[in-house]
Amino acid sequence: MTDPAATPSRDSEPSAPDAAAGVRRRSRQRRDKLQAIVFGAGFPILLVLLWDRAVAITGTRLVPSPYQVAVMMYDFTFGGVYDDAFSGTILIHVWKSMQRVYGGFFLAALIGIPLGMMIGRIKILRQLLDPTISLLRPIPVTAWLPLSMIFFGLGPNAAIFLVFLGAFYPILLNTMFGVRSIDPRLFEAAAMLGCSETGMFRQIVLPASLPAILNGLRIAQGFAWILIVVGEMTGVPTGLGSVVMDGRTLSRTDLVITGMIVIGACGFVTDRIIVAISNRLLSWSPQHRE
Amino acid sequence: MNDAPRANILSIRGVTKRFTLGDDEVEALAAVDLTIPQGEFVCLIGASGCGKSTLLRIIAGFEEPSTGEASIRGKTISGPGRDRGMVFQDYALFPWMTVRENISFGPRQRQLPPREIARTTGEFVKMVGLERFADRYPSQLSGGMKQRVAIARVLANDANILLMDEPFGALDALTREQLQHELLQIWSRTGVTAIFVTHSVEEAVLLADRVLVMSAGPGRIDSDVRIDLARPRDVSSPEFNQLRRDIAQRLTSHLAPSRA
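In order, the protein sequences belong to chains A and B. Residue numbers for the first sequence, in the numbering used here: 1 to 290. Residue numbers for the second sequence, in the numbering used here: 1001 to 1260.
Since the hints were derived computationally from the structure, they do not count as laboratory data. Each residue gets a CB set at the ideal place from its N, CA and C atoms; glycine is no exception. Any given hint could turn out to be false.
Stated by the list, open to error - Here are some, though not all, of the chain B residues that point toward chain A, as calculated from beta-carbon distances under 8 Å:
1) 1019
2) 1022
3) 1084
4) 1090
5) 1134
6) 1187
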């Protein structure tokens, strides 16, 4: 107080790192990052090699080799090999599927996050809705397929509804859990500093439960891509799910695997985007960083 | 302002508190009467379960008394308010806000002009000596620094009663001593009324104008000891030690019957 510069130095504070330690730390971080990439990419490459060997050794004709799938992938992307209905159509399928996946996902987030915050914070709502949610949640999304086709007809809306259902529960439950596990002292602290009950939602409930919400979004986007195949069973002509279903009908396993790989890649990229956003939003919380 | 006769800021009349624990009803506080003048530094001391934290939480407005009434300048306390600021033992800082944002939280609730919020915040960041750490998050601070932020957060909101629930209990001895010293400086500079719960007799005698010794089963105030030692106080002086022994004795004498 009297000497502000000297004051903090007495209680073992984190001090500014000296330059040499900073350089050492940065080079260690670089090595860590490189190692993560080598290991992370190395394992799938190993799996592909094993797959290739397994096909060659067993001589099966039911499962295509990685090379055949690669050719199919090339044709699916650029065309010019088979020149059939699927040649060079990847973008249209990815685009259609993304619309359905993100449509259902964002709809689930738009409803799930505010609803989860309110259920977590307001006891009456919890008593009113919690049993119903627990009752509806175990129902497999695939079981909703007939009803969703009755509600929304043949077409993309039924697919969006199914993706929505799959993404909704992880978002809702994680948000509820996040709100329920907020330290009650934070509400007391906010109240004594003059924060109103409505101001609490934006200023305390949302940021304090953000780690759990983002975790829910991450799980939900995984489910959303999982459900796109089921969603596109509802009689839509385009989309990665419909490509996989068509491949199955036509006994073109190379096409099925190509579709699987593209779905996996889309989910992977979306996951990375959510992780990047999480790291940015949660920079205050060391234990939530990846 | 320390020597003029002062108006009572807080008055507590016949406040009791009962909690239900399962089928049992526990009497946490039995009829407490207490008045505290503006600007006084009061320490509440007593064994665990004597209701000192409960009393503090009633003053803060986090708990309602079962009977009786607590009032600030004649106005009955009906909930938390910005005239009373609590400093918790576990800090209760908002972890997603920087030091500066934590301290400006109160002023922001009042929707003051941004310039004034920035000025007030800067003033209190400076008061607790955290200028260099203003843009850090609580997770990047030591315990002592976190508690400084918690104190500044309450003072920046114009609280005139500072409620402290064993605020230095989790700190190491050196940091604790430092913060006691700083707290006294802030207290004498701002004229804030302080109600400070502690387990430590030495801390109570060092800080307080007045020590309230509480006893458990059910919680009540047993003695009200005035500490008239000149400040800054010398913990090694005979007068200090006399008072310390005296209060320690009162504490243990209350413990004896409850053991029987």
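Hint check results:
1. 1019: Given a least distance of 16 Å, the restraint on residue 1019 of chain B is violated.
2. 1022: This interface hint is violated because 20 Å lies over the 8 Å limit.
3. 1084: Nearest chain A Cβ about 7 Å off; hint holds.
4. 1090: holds, 7 Å
5. 1134: Residue 1134 of chain B check fails; min Cβ-Cβ to chain A is 11 Å, beyond 8 Å.
6. 1187: Nearest chain A Cβ about 11 Å off; hint violated.
The structure shown violates the earlier hints numbered 1, 2, 5 and 6.
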